[in-house]
Amino acid sequence: MRFTALKKHTPIPGFGLTLGITISMVSIFVLIPLASVLYFGTTLSWMEFWHIITMPNVLYAFATSIGTSFIAALMNVIFGVLLAWVIVRYEFTGKSLINGLIEIPFALPTAVAGITLSKLYSDQGLIGAWLSQWGIHASYSHIGIVVALVFVGIPFVVRTVQPVLEDFDSTYEEAAYMLGSSTFDLYRRVIFPELKPAILTGFGLAFARGIGEYGSVIYISGNSLREHTQIVSYVIMQKLNYADYAGATAVAIVLLVISFLVMLTINAMHIHQSKRGGA
Amino acid sequence: MKRRSLGELTAIIIAVLFVLLMLVVPLISVLTNALSKGLDFFVKAISTSHVISALGLTIGTMIVTVLITGVFGVAAAYCIGKFQFKGKSILTTLIDIPFTVSPVIAGLALIMTFGRMGWFHPYIEAINNYFNLDIRIVFAVPGVILATVFVTFPFIYREIIPVLFSQGKDEEEAAAMMGASGWTIFRRITFPAIKWPFLYGIILCSARALGEFGAVAAVSKARGQTFTLPLEIDALYMSGSENGAVSAFAVSSLLVGMALIMLVIRSIVEKKG
Chain Z
656 MRFTALKKHT PIPGFGLTLG ITISMVSIFV LIPLASVLYF GTTLSWMEFW HIITMPNVLY
716 AFATSIGTSF IAALMNVIFG VLLAWVIVRY EFTGKSLING LIEIPFALPT AVAGITLSKL
776 YSDQGLIGAW LSQWGIHASY SHIGIVVALV FVGIPFVVRT VQPVLEDFDS TYEEAAYMLG
836 SSTFDLYRRV IFPELKPAIL TGFGLAFARG IGEYGSVIYI SGNSLREHTQ IVSYVIMQKL
896 NYADYAGATA VAIVLLVISF LVMLTINAMH IHQSKRGGA
Chain L
755 MKRRSLGELT AIIIAVLFVL LMLVVPLISV LTNALSKGLD FFVKAISTSH VISALGLTIG
815 TMIVTVLITG VFGVAAAYCI GKFQFKGKSI LTTLIDIPFT VSPVIAGLAL IMTFGRMGWF
875 HPYIEAINNY FNLDIRIVFA VPGVILATVF VTFPFIYREI IPVLFSQGKD EEEAAAMMGA
935 SGWTIFRRIT FPAIKWPFLY GIILCSARAL GEFGAVAAVS KARGQTFTLP LEIDALYMSG
995 SENGAVSAFA VSSLLVGMAL IMLVIRSIVE KKG
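Protein chains in written order, with my numbering: chain Z, 656 to 934; chain L, 755 to 1027.
If you are wondering where the hints come from, they were derived from the structure by calculation, not from laboratory data.
Even glycine gets a Cβ: it sits at the ideal position worked out from N, Cα and C.
Do not take every clue at face value.
[Claimed, not checked] Some chain Z residues near chain L, calculated using beta-carbon distances under 7 Å: (1) 667; (2) 670; (3) 677; (4) 681; (5) 683; (6) 684; (7) 685; (8) 741; (9) 743; (10) 756; (11) 764; (12) 771; (13) 775; (14) 870; (15) 918; (16) 919.
[To be verified] Restraint ranges, calculated between C-beta atoms of paired labels, are given here: (17) L:885 / Z:792: 54 to 60 Å; (18) Z:747 / L:1026: 24 to 30 Å; (19) L:883 / Z:733: 55 to 61 Å; (20) Z:714 / L:803: 39 to 45 Å; (21) L:1021 / Z:744: 18 to 24 Å; (22) Z:877 / L:814: 31 to 37 Å; (23) Z:711 / L:994: 27 to 33 Å.
Modelling step: build the complete structure from the supplied sequences, incorporating the hints.
Pasting the structure below:
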């Protein structure tokens, strides 16, 4: 990014027109509506704001959303890296099919994923009945929320790690192997450091998606206040349905701040990564 | 063929099991649930007046959404891909905002802008009074479209921009030096390069627009009028009856069918591009 003139000289026409369209549209469709939320937020006093966001149900919702998103993102990293590894490194029948099936969460609209998972993991469902033999009741619990978030988040991790593994220079690996390093050392010292930025980005994307997720979670979670299975988006929607706009806005602003912090962290890692790559 | 190590075999088995259990079983269970009361029930469930109205609105919303995000995507990618200017990195950050915002907040944002509490509401009232109209944005079709546009806003732009970056701008500069007009340059040089990613972005955006739930749910309350398919599925499922749940899965399978067609087209486009 160069901060020279307003526009660096180039003979290509169309700068003013396309910049005008871009700025107008992003303002109308995204920035002005979001600014309205922040503007309405400023009409609340600090006391009101603090009172709303420290209500027990709101605090529980934030704890539930952050906690389940964190665990789900962690599981997505474990299985996502394994899937990317298997798809890039190994040859087996049906590999391209497995690669294509990773996209299923994109094909199932969130509400559809929500009702399907809720049914599957209930005590009468195919997977839920099996789990309940061990006393695990997945639907209408935190486990159910994690299951839904793992489902929607897995493609983000796989598709972030996959290209890095594909470009991976195997000469280092071979060198380390030739020099007699153990397999464990090879993974820990050669492969993991190379993959780390992609893994962190994938984790961040899955985590950010989980924090804001709504449709896939609300059916399987059961939304019980007593069991602490309400997520933040559900609380905002509930407040909207009761026309409690002040409450919805205050909670939304806190959620926005958290999402932006996660995104800023991811971007910072990207910049760090590209600087390293450019050296 | 070389012998697999134990580690390799375990990794493959775990990966395949994960995909089957976590991804394939849910997909199949949509279909088995949809057909659990027989084909007649299925056909009846997907041909109620509510479903047909929701299907129409869903497809209409998808088309308008793609038109809006398509125009934006091409203009923004051209502007950001071909020119250096002050504030570019801020602009690209702003465009990506919808990726990080919860869809429910997108709905809330529209209510706080155009709803009774919103600062824009008095202007809509004024226009309505002056022209004797009854324009409504939230809790009406425009709100459904705006909510869908919000959540899919950067999709097409995101697909085009890497291609424009890697293409560079030498060809455009040469054409401009030789006196070609802006439109000619775009039509003859830029557009052919971004044709496939543009189409790819349209498909991604359409698939997402079909299934958007949270943002639309916040600004749409009238079943049979402003309900899209995901909202109709929610209403059927939450009705609590066994028939309602099976109907919800039947309508879901309709939606999943449309989304799967999109993904198949996408993989064809991906090979072409």
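Hold the hint about residue 667 of chain Z up to the distance rule: shortest CB distance to chain L must be less than 7 Å.
-> With Cβ-Cβ at 5 Å, under 7 Å, it holds.
Taking the CB of residue 1021 of chain L and the CB of residue 744 of chain Z, does the distance hold inside 18 to 24 Å?
-> Given range 18 to 24 Å: holds, Cβ gap about 22 Å.
May I ask you to test the interface hint for residue 764 of chain Z with respect to chain L, counting a Cβ-Cβ separation under 7 Å as satisfied?
-> Holds - the Cβ of residue 764 of chain Z comes within 7 Å of chain L, reaching about 3 Å at its closest.
Would you say the C-beta atoms of residue 714 of chain Z and residue 803 of chain L sit inside 39 to 45 Å of each other?
-> holds (44 Å)
Should the hint that residue 918 of chain Z touches chain L count as held when the rule is a Cβ pair under 7 Å?
-> Because about 5 Å separates residue 918 of chain Z from the closest Cβ in chain L, which is inside the 7 Å limit, the hint holds.
Was the hint right that residue 743 of chain Z lines chain L, CB cutoff 7 Å?
-> Cβ of residue 743 of chain Z sits 11 Å from chain L, so the hint is violated.
Using the C-beta atoms of residue 877 of chain Z and residue 814 of chain L, is the stated range 31 to 37 Å upheld?
-> With Cβ atoms ~34 Å apart, the hint holds.
When the least beta-carbon distance from residue 684 of chain Z to chain L is tested against 7 Å, hint result | Given a least distance of 5 Å, the restraint on residue 684 of chain Z holds.
Residue 775 of chain Z as an interface hint toward chain L, with CB separation required under 7 Å | Interface hint status for residue 775 of chain Z: holds (5 Å vs cutoff 7 Å).
Would you check whether residue 677 of chain Z satisfies its interface hint, that is, whether its CB is within less than 7 Å of any CB in chain L?
-> Status holds, d = 4 Å.
Holds or violated: residue 741 of chain Z as interface residue toward chain L, Cβ cutoff 7 Å?
-> holds (4 Å)
That 54 to 60 Å hint for residue 885 of chain L and residue 792 of chain Z (C-beta), does it hold up?
-> holds (58 Å)
Against the hints set out earlier in the document, violations occur for numbers 5, 9 and 16.
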